[in-house]
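Visitor: Residues per chain are reported as follows:
There are 2 protein chains.
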Amino acid sequence: MKVLAFDIFGTTVDWRTGVAEQVADIAVRHGVELDAGRFTDEWRDRYLPSMGRVNRGERDWAYLDTLHRETLDELLVARNLDGLFDEETRWELVRTWHRLPAWPDAVEGLTRIRARYPVAALSNGGFALMTGLIKAAGLPFDCILSAELAKAYKPDPRPYRTTAALLDVPPEEVLMVACHNWDLDGAQAAGLRTAFVERPREKGPHRTADRSTPGRDHSVASFTDLATILDC
Amino acid sequence: MKVLAFDIFGTTVDWRTGVAEQVADIAVRHGVELDAGRFTDEWRDRYLPSMGRVNRGERDWAYLDTLHRETLDELLVARNLDGLFDEETRWELVRTWHRLPAWPDAVEGLTRIRARYPVAALSNGGFALMTGLIKAAGLPFDCILSAELAKAYKPDPRPYRTTAALLDVPPEEVLMVACHNWDLDGAQAAGLRTAFVERPREKGPHRTADRSTPGRDHSVASFTDLATILDC
Numbered sequence: 030m031k032v033l034a035f036d037i038f039g040t041t042v043d044w045r046t047g048v049a050e051q052v053a054d055i056a057v058r059h060g061v062e063l064d065a066g067r068f069t070d071e072w073r074d075r076y077l078p079s080m081g082r083v084n085r086g087e088r089d090w091a092y093l094d095t096l097h098r099e100t101l102d103e104l105l106v107a108r109n110l111d112g113l114f115d116e117e118t119r120w121e122l123v124r125t126w127h128r129l130p131a132w133p134d135a136v137e138g139l140t141r142i143r144a145r146y147p148v149a150a151l152s153n154g155g156f157a158l159m160t161g162l163i164k165a166a167g168l169p170f171d172c173i174l175s176a177e178l179a180k181a182y183k184p185d186p187r188p189y190r191t192t193a194a195l196l197d198v199p200p201e202e203v204l205m206v207a208c209h210n211w212d213l214d215g216a217q218a219a220g221l222r223t224a225f226v227e228r229p230r231e232k233g234p235h236r237t238a239d240r241s242t243p244g245r246d247h248s249v250a251s252f253t254d255l256a257t258i259l260d261c
Numbered sequence: 030m031k032v033l034a035f036d037i038f039g040t041t042v043d044w045r046t047g048v049a050e051q052v053a054d055i056a057v058r059h060g061v062e063l064d065a066g067r068f069t070d071e072w073r074d075r076y077l078p079s080m081g082r083v084n085r086g087e088r089d090w091a092y093l094d095t096l097h098r099e100t101l102d103e104l105l106v107a108r109n110l111d112g113l114f115d116e117e118t119r120w121e122l123v124r125t126w127h128r129l130p131a132w133p134d135a136v137e138g139l140t141r142i143r144a145r146y147p148v149a150a151l152s153n154g155g156f157a158l159m160t161g162l163i164k165a166a167g168l169p170f171d172c173i174l175s176a177e178l179a180k181a182y183k184p185d186p187r188p189y190r191t192t193a194a195l196l197d198v199p200p201e202e203v204l205m206v207a208c209h210n211w212d213l214d215g216a217q218a219a220g221l222r223t224a225f226v227e228r229p230r231e232k233g234p235h236r237t238a239d240r241s242t243p244g245r246d247h248s249v250a251s252f253t254d255l256a257t258i259l260d261c
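Sequence lines, in order, name chains A and B. Taking our numbering, the leading residue of the first sequence gets 30, the next gets one more, and so forth. Taking our numbering, the leading residue of the second sequence gets 30, the next gets one more, and so forth.
One thing to keep in mind: the hints can contain errors.
All copies of an identical chain are treated as equivalent in the list; a pair is satisfied when it fits inside any one copy or across any two copies.
Pairs of lysine-lysine residues, derived as DSS-like cross-links and limited to a Cα-Cα distance of at most 30 Å, are as follows [unchecked claim]:
{"hint": "1", "residue 1": "Lys31", "residue 2": "Lys164"}
{"hint": "2", "residue 1": "Lys164", "residue 2": "Lys180"}
{"hint": "3", "residue 1": "Lys164", "residue 2": "Lys232"}
Simulated from the structure, these hints should not be mistaken for lab results.
The whole structure should be built from the sequences, with the hints applied where relevant.
Guide: Take a look at the structure:
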């Protein structure tokens, strides 16, 4: 193993808390009554299906912000909230995904691992979105990679293979770190090694987070545990 | 201006000193008499022409390491040194471009600028090469971009436009920082803003470095001067 690639939403940052808090603020400001946590859950439910349409070629490449905007519009109709948020506010809601808090162990774990290995971010978030999010959260990555560079979304094999190609190593020398089995299954299918990291609160209080499944190279409770296992 | 993109070879790191010192070491180890400085100058002379052939479509995209290997082989023939370095040593020579010292003002200047703006590396060096070089030199960039992502080399407009597109800003909101007029001319032609930074020792003792030409948005003596001009 020569380099590590880290998933971001859920694995490195707490999207559910970060988005729900910002959605709640925006709703209050517009006098809209909303269970921001449930709203965020339902928005996220539309995440994988929207990317699947791109991966299957049913539509051209679209930036994550575009997909978030489309799924937001659908959700507002489905919840009878369609008249309540104007154009500007809808984009403000989309941008809640641009500023999210890191999990408490993320900076320390990454710092220790980075002292020994190159560490890359590999997200379905766009390149600009990731650059801003990682800077704001103070996450010490060596480089940022994005599904945007492959014009295909994880778990399609293309972003994983593009990662290995850009880092100039064979796929089996990349360790993909994520808290989602769909992501690690995709990485494994593309020939990468995998580390499952438990994020029990990733989906908030109403949903059950993924548990590790057999066949992963590593299974850990935090980035600092991963650092220890890797002798970092 | 929203983001800054920094050239690397010559602008941020001292390629001439770094490559010449490593070439001298390798030559001594192989018992080859060589003026490593002149050898490095002549190798670098073949840099822009080799990339021009890619940009004009006379050959398919080739990674910078591949171009460096080809120009090395040509240079060894031209200097009657062809029999003296084996395959492994030639790749070792190519990799001298992967580990280069930062100019003394680079880390401090970047750190100050980064506190206010996103800072990107934009090099003709490959993505993996840049990731390793920037990590080894301890340069605090927010993200790494490479001509490799556009499959065209600067000064072709494509890498500059790809930079703006990936950072999700119009070209005129990117400030390109470089010590080469050919790079800044390319950036300007692609619609970017430009900052010339003087690097008088960039080409070593036998060559004259570029001087600033009229029409640049900024012209500075160091990255720390640039930080000051930008109120960072």
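Visitor: A separate judgement is required for each hint: does it hold in the structure or not?
Guide: So, going through the hints one by one against the coordinates:
1. Lys31 <-> Lys164: Intra 24 Å, inter 14 Å, cutoff 30 Å: intra and inter.
2. Lys164 <-> Lys180: both (23 Å within a copy, 27 Å between copies)
3. Lys164 <-> Lys232: Classified as within; 24 Å inside a copy, 34 Å across copies.
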